[in-house]
Structures are given as structure tokens and as C-alpha cells.
Amino acid sequence: MESGPIVIVGAGQGGLQVAASLRQAGYEGELTLIGNEPGLPYQRPPLSKAYMQDGNPGALKLRAAEFYDKQQIRYLPETSVTAIDRDDGRIATTSGELDFGHLILATGASNLRPPIPGLDRTLDLRTLADADKLRERATGDRRFAVIGGGFIGLEFAAVASKFGLDVVVAEAAPRLMARAVSPQMSELFLKKHRDLGSTVLLGDPVSAIDDRGIALVGGTHLEADEILLAAGVRPNTVLAEAAGLDCANGVTVDAQLLTSDPRISALGDCACFPDSRSGLRIRLESVQAATDHARHIAARLTGKQPDPYNALPWFWSDQADYKLQIAGLAQPDDRAEAVDEHVVFRFDAEDRLTAVETVNNARVHMRTRKLLAGGETVGPDTARDLLS
Amino acid sequence: MVKVTFVAADGSETSVEGEEGASVMQTAVANDVEGIVGECGGSMMCATCHCYVDDAWISKTGERQHDEDDMLEGAASEVRETSRLSCQIKLDQSLDGLVVHLPDEQF
Chain X
1 MESGPIVIVG AGQGGLQVAA SLRQAGYEGE LTLIGNEPGL PYQRPPLSKA
51 YMQDGNPGAL KLRAAEFYDK QQIRYLPETS VTAIDRDDGR IATTSGELDF
101 GHLILATGAS NLRPPIPGLD RTLDLRTLAD ADKLRERATG DRRFAVIGGG
151 FIGLEFAAVA SKFGLDVVVA EAAPRLMARA VSPQMSELFL KKHRDLGSTV
201 LLGDPVSAID DRGIALVGGT HLEADEILLA AGVRPNTVLA EAAGLDCANG
251 VTVDAQLLTS DPRISALGDC ACFPDSRSGL RIRLESVQAA TDHARHIAAR
301 LTGKQPDPYN ALPWFWSDQA DYKLQIAGLA QPDDRAEAVD EHVVFRFDAE
351 DRLTAVETVN NARVHMRTRK LLAGGETVGP DTARDLLS
Chain P
389 MVKVTFVAAD GSETSVEGEE GASVMQTAVA NDVEGIVGEC GGSMMCATCH
439 CYVDDAWISK TGERQHDEDD MLEGAASEVR ETSRLSCQIK LDQSLDGLVV
489 HLPDEQF
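Here the protein sequences come in this chain order: X and P.
So the first sequence is residues 1 to 388, counted in my numbering.
So the second sequence is residues 389 to 495, counted in my numbering.
These aren't lab readings, by the way, just hints derived from the structure by calculation.
Careful: at least some of the hints might be erroneous.
Said to hold, decoys possible - Only pairs whose alpha carbons sit at most 25 Å apart, straight line, appear in this in silico DMTMM-like list of lysine to aspartate or glutamate:
| # | chain 1 | residue 1 | chain 2 | residue 2 |
| --- | --- | --- | --- | --- |
| 1 | X | K370 | P | E408 |
| 2 | X | K370 | P | E469 |
| 3 | P | K391 | P | E456 |
| 4 | X | K304 | P | E422 |
| 5 | X | K192 | X | E285 |
| 6 | X | K191 | P | E493 |
| 7 | X | K70 | P | D458 |
| 8 | X | K61 | P | E493 |
| 9 | X | K61 | P | E469 |
| 10 | X | K370 | P | E405 |
| 11 | X | K370 | X | E285 |
| 12 | X | K323 | P | E422 |
| 13 | P | K478 | X | E66 |
| 14 | X | K49 | P | E456 |
Here the structure is a predicted model, which means the values were calculated and not measured.
With the rest of the complex left out, here is chain P (with noise of 0.2 Å):
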């Protein structure tokens, strides 16, 4: 199992352990965490899982790909250097203790 860390925007966090292969967007809807959507269940159609990837763990989650790029256009909250989709980070060991910003608003 992988531990994960939800920062909500309003500061609360909420730690779950997730498995390997799994997405943050699909950790984060099995356990209950509010603030991530993922409305199109990880198609990369709704950008309703978008999330900021704490600035300590970036180099660890790699880089967006291109098509995420092009759909966080319409997210509903600011795109910062660190967005990404929460549905296209799969969790592995390396990422154990991930720490992800949620924003405040997906729609």
C-alpha cells in the first residue's frame, strides 16, 4: 500500500493508503476524501480530479502528459506550474507519503 495525503483548501488533510496501480483520483474516491471528482471515472474527459502536486514530490510524479495539458484548459480552479490530473499519477513505492493540494472548487 501506498500513503497518500489530501490537503484540502482549506488547510484539513486527510491521509489513505491507496494501492500500487492505482490512480490519486481512484485513491481518493474509495475513500471518501471530498474535493476530488473524477466525474469521467479517469478518461481524461472531465478535469474534475485536478489536484497540485506538493512542490517536495514533483520530480517524483513525473511530468503531465500532453493530453492532460490540453484538458486541465478547463478546470475550474487556477493551473499552476504543479496541476496535474489526479486520475493519470499512478501510485507505485516510490510514491509513498505523497503529499497533493487540492483545489477549492472542480466545477
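Bound-form chain X, shown alone (with noise of 0.2 Å):
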């Protein structure tokens, strides 16, 4: 059992889910919880889907103001980490300096911003500042431009759309979130998209954004009075990096969830992790990877000793009136088999079954959660058994 002091940095859904978890399984030393935006820690994912809608952030809160007192949870907002002294076990932050036992990053991430000129007048879709923000000026007959046809672009031009905002997408990939589904899957929601009366234009990356809208590569200028940038993210690893701790697309963690410091940890979006499936390090950006990986974490510092980290990823994006569920997780050349029009098989080189990607089908979804995170080898005969 780690004595601690345990300091959490980072008071995302990941954060907060490892101070929670710690105090459940046990741990009675001091807990810190270290956040960089004011208020209480919230949910993101609803800030691109419910929140655009209803404004309501009283829904977004992870826990009650009550429990981090009940609980003994320190937690201090705004404020940042500046840096790790490893040697002697401690943090400076902008209010002060901290001991720990144990330090976990979960220090999340930030939006990607490509060099383009004129990005200073893009908006942001990230924290409740930037969606509050957005808010604002998604109404009346404002038009508006999305850099990025991925998750987060998508689900705001679903809703700009059906607030009667006239939307233009602008993808550099040739397809719709291209790193993280089928090809039929983006052909699906393309047509969902321009169903729903949006520009979406691929393969054809933005070159300048000015007074009038944004400039494409391909010579194509498109009106927009408002721009979001939504093409994609970098975990934040600065802090780590600075520390001297290794990374590589995140900060580099072990099957256990340790970085290369033995009294470190890192979680969710930040943390680039062993797959126990392929074998290949990955980064997921999911509430999936960030509490799992939380409630891994807070098991071993209680004196568990847990098999290497193996929780299946899932994942879900709300559009408009199509849900899209995955589960599992394929490589990109994974084969790609469209077994109805609204679910996806995906098999590895061998055939067997990777993944599973399901629009308004809860229940194959479900059925392919349960099997994939059995672990035993699903070919494609068994994977057919999950549409009866």
C-alpha cells in the first residue's frame, strides 16, 4: 500500500476517477488533486453534444462539491504544475510546492494547431470556457467553418446544423475520421452529414484563414464568419519531458501503468500504453482509457498486484440521430467488412476479429464488448454469431 502523500495532477475525468477509486479501495493517506481550469471537474465529452444544446453545466460535474470533503480530497483548482523534482519527491506549482509518495499525470491534451496563418482567429472546442464560448456565437444566422472532419468537428456540425447554422467542413484526410473508422463507416456519415445540409469537403487541407473565411490548398476559398479548429490533439507531455521522463506520442508508460520513473504514473489521453491485444504502444483519447487506466493505477497503489493492464477500449460519438459505438480497436489496414448497413467487422492479417463499429445497434455492441473482452481469439464465423 503506498503511504503517500498521492498527488494527482490533472483534474480530468481520468484524475478525478483515480482519486475516487483510491479512497474506494482503501487508501487513507493524504490525495491531492490538482486542476488547471476553475470550477469543479466536469465531464467533456457531452461539451461537443448535450452541452452545445441545453448550456446546462450543473449536469457536467463529475462529483458533488460535497464529496471531496467527505472523501478528503484536496483538490486546487487553477492552478498548474511547473515542474517534477524527481530526486527529491515534490512539485512546484503556482500556489506552492508539494511532496508526493506517488505522482500520476493525467495531464490529458491540447488542441493540435497546424501552421496556418491566421489561426489566432479560430475558436476552440476543448474545456467549458471554450465551449461556452462557442455557444455564443453559434446563433442567429451566423456561418460557420470546421477545420477537422473528426469526432469533435463532426458532433459540433451536427448540432450547428440542426440550429439552422449554415456549416462547411473542411477535411485534409480524403475521408471522415479517418484514423479511427472503416471506410464505409466515414462514406455512412458523409452522407448523414450533407443529409443534414452541410458542406463537407475532403482530401483538400485548409492553407490560410483571413477576414472571410478559410482558404484551401486546393484554391478553393469558403465564406465563414465564425472558424473552428478541429484537427485533432497532442498529448501534453511538457511537464513529463521537462522531468526527463521517457516520450513518445504521450509520456511512455509500462503494462502497469509506471513510467519510467517507479514513482510516477500516467493515465488517459497523455499516457502512451502497451496493447495487450497487439502488442503495439497506443494513446487513446476516451473516457474508456482514462478511468480504466485510473482505477488500474489506484489498485496496484493499494497493494494489489493486477495483471498487466488489459481493459477493452470502446468508444462512442453522438451525431445528430446516429450513434456510433465501437468496440475494440482496429489497426488502420484492418480489413473492413460491412456486414449490414450499419455494422462494421474489422479483422487483423489473421483474420481474426479487431473491432467492431455499430451505428444505433446497442446490442451488437454490447455482444462485441463482452467477447472481445474475454480475450479468446474471435474468427470470423464466431463474430457473425454477434448479429443473431
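Got two chains here, each in a separate frame; can you build the complex from them with the hints?
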């Protein structure tokens, strides 16, 4: 059992979860949760979905204010960590120094800012403050351009078109959500967004942003009053790198989610961990990874000796009346087999099922989650049973 | 406000006041009721807000939605006739006094 104090840097869903899980598992030592935003820790996924529509911040809160007192979790909002002193087990923050017995990095990710002239004219959608600003602008007859046809950009585009706003999405890749889903799913969502009235342009990167909108490399100029930048993220590793921790596409952790320093763990969007199924090092931007990482770290720090981390990845995205759910994790080259208009199976080179993508089909999604989480190899025949 | 009583797996009861329009899951989380997680925030993605509606209230809370049934396949605890995802039960005055029972685990 870790005798503490335990300090968690980052108060997103993973940071908060590791604090809650540590107390649940019986950790009684000092526990500090540090966040750089104001207010209590909140959920991020609804920012581009429900919150865009209802604007109710109360519904985003992860835990009530009483929770922190009752669980004796010292929560420090609006505090940034400026340095980690690994030799002395101490961190420097904007509100003083803190000792740690174990440090957990849950620093998340930030919006990628490609080198495009005029980028300072764009809006972000990453934090509650970003979402509020965007909501303010998303009114009347404002014309929106969205840079990036990934999950955040498309979720926003779906809500904005529902508001009756004029939306154009510019994606540099030849298809939507290309890093995460099969070509068939990209196609299905392309049709959906065009049916919703959005203009979607593919395979043509943005070259410049000006007062009147955005210009594409191919020469097209798109008129827009507001521009949302949603071109992906990059993990927040500045602090870890400065402290000399191994980093490559995130903070490098082992199968126990430990960094190259055994007194420091990392989780969620900022952590690059070994995938037990593919053997590859991966980094996931999802609530599932953040909270499952958190529970794993809490178990380890409270004296359990967990197996190597092996939680099954799952993910969802709501776009208009389409709920996309993904169970498992496919590599980009994995074969994609559309078994139904709204269900795509992914298989690796050995014909093993790696992921299932569904739209509005929770049954197949949950069955896949159960089947793949069991850890056994699933071939095409067994996979087809998921549909029955 | 709408009164909701949560009965934990060990029999202990917690009564709280929820806002009309809020879900039972949101009411539990907002009032720090242990035993309801709601990890996905009410998007019907995680099945960690599973509850059993008390028999006396089952006619008032309505039936499970199609997707809800499917998501409950992934619930950690036994699924019964009265099982619901509490994020899908919205509070209104007709539910004042609602009693729900909580399973012993959500993961």
C-alpha cells in the first residue's frame, strides 16, 4: 500500500477517477488533485454534444462539491504544475510546492495547432470555457467553418446544423474520421452530414484563414464568420519531458501504467501504453481509457498486484440521430467488412476480429464488448453470431 | 423538487431531492449517492447507472427503451424485470417519493 502523499496532476475524468478509486480501495493517506481550470471537475464528452444544446453546466459535474470534503480529497483548481523534482519527490505549482510519495500524471491533451496563417482567428472546443464561447457565437445566421472532420468537428457540425446554422467542414484527409473508423463508416457519416445540410470538403487541407473565411490548398475559398479548429490533439507532455521521463506520442508507460520513474504513473489521453491485444504502443483519447487506467493505477497503489493492463477499448460519438459505437481497436490496415448497413466488422491479417463499429445498434456493440473483453480469439464465424 | 430514495445493496437508504427534468442518475451523482456511477454521463454507453425500480413504482417509471435493454446486457450485476438504466428515468412530479434499489456493483 502506497503511504503517500499521492498527488494527481490533471482533474479531468481520469484524474478525478483515480482519486475516487483510491479512496474506494481504502487508501487513507493524503490525496491532492490539481486542475488548471476553474470550478469542479467536469465531463468533457457532452461539451460537443448535449452541452452545445442545453448549456447546463450543472449536468457536467463529475461529483458534487461535498464529495471532495467527505472523501478528504484536496482539490486545487486554477493551479498549474510548473516542475517535477524527481530526486526530492516534490512538485512546484503556481500555488506553492507539494511533496509526493507517488505522482500521477493525468495531464490530458491539447488541440493541435497546425501552422496555418490566421490561426488566431479560430475557436477551440476542448474546455468548458471554449464551449461557452462557441455557444455564444453559434446563434443567428452565423456561418461556421469547421477545420477537421474528426469526432469533435462532426459532433459540433451536427448540432450547428440542427440550430439551422450554415456549416462547412474542411477535412484534409480523403475521408471523415479516417484515423478511427473504416471507410464504410466514413461514407455513411459523410452522407448523413450532407443530408443534414452541411457542406463537407475532403482531401483538401486548409492553407490560410482570413477575415472572410478559410482558403484551401486546392484554391477554394469558403466564406465563414466563425471558424472552429478541430484538427486533432496532441498529448500534454511538456512537464514530463522537462522532468526527463521517457515520452514518445505521450508519456511512455509500461503494462502497469508506470512511467520510466517507478514513483510516477500516467493515464488517459497523455499516456502511451502497450496494448495487450496487438502488442503495439497506443494512446487513446477516450473516457473509457482514462477511467479504466485510473482504476488500474488505484488498485496497484493500494496493494493489489493487478495483471498487466488489458481493458477493452470502447468509444462512442453522437452525431444527429446517429450513435456510433466502437468496441475494440482496429489498426488502420485491418480489413473492414460491412455486414449490415450500420455494422462493420474489422479483422486483422490473421482474420481475428479486432473491432466492431455500429450505428444505432447497442445490442451488437455490447455483445462485441463482452466477447472481445473475454480475451479469446474471435474468427469470422463466431463474429457473425454477434448479429443473431 | 422530487424526492428519490436510493436503497443500497446493504439495505442502507439515502433520500435526496432531485430537480424535475433531471435523470435519476444525475440526481444520484449530484447528491453524492454511492452505488451509481454514470461513467458516460448519461449517453447510454456504459451501463454503470443500473438500478432496480421498487415494485411499487414500476408502473410509474415506464418501460425500458429498446437500446436500454441492449445496454443492460453489459451490466455488471444481475439484470431483473425491474432493471433500468437510471440515466433514462427523468424526474417529474408523478415520481415524487420514487424508490430505487442499487446493485452491489457497477463494474
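Hints, one by one, checked against the model:
no., hint, in the structure
1, K370/X <-> E408/P, "35 Å, violated"
2, K370/X <-> E469/P, "21 Å, holds"
3, K391/P <-> E456/P, "24 Å, holds"
4, K304/X <-> E422/P, "23 Å, holds"
5, K192/X <-> E285/X, "24 Å, holds"
6, K191/X <-> E493/P, "41 Å, violated"
7, K70/X <-> D458/P, "35 Å, violated"
8, K61/X <-> E493/P, "22 Å, holds"
9, K61/X <-> E469/P, "31 Å, violated"
10, K370/X <-> E405/P, "36 Å, violated"
11, K370/X <-> E285/X, "21 Å, holds"
12, K323/X <-> E422/P, "29 Å, violated"
13, K478/P <-> E66/X, "23 Å, holds"
14, K49/X <-> E456/P, "20 Å, holds"
Hint check: violations occur at hints 1, 6, 7, 9, 10, 12; the rest are consistent with the structure.
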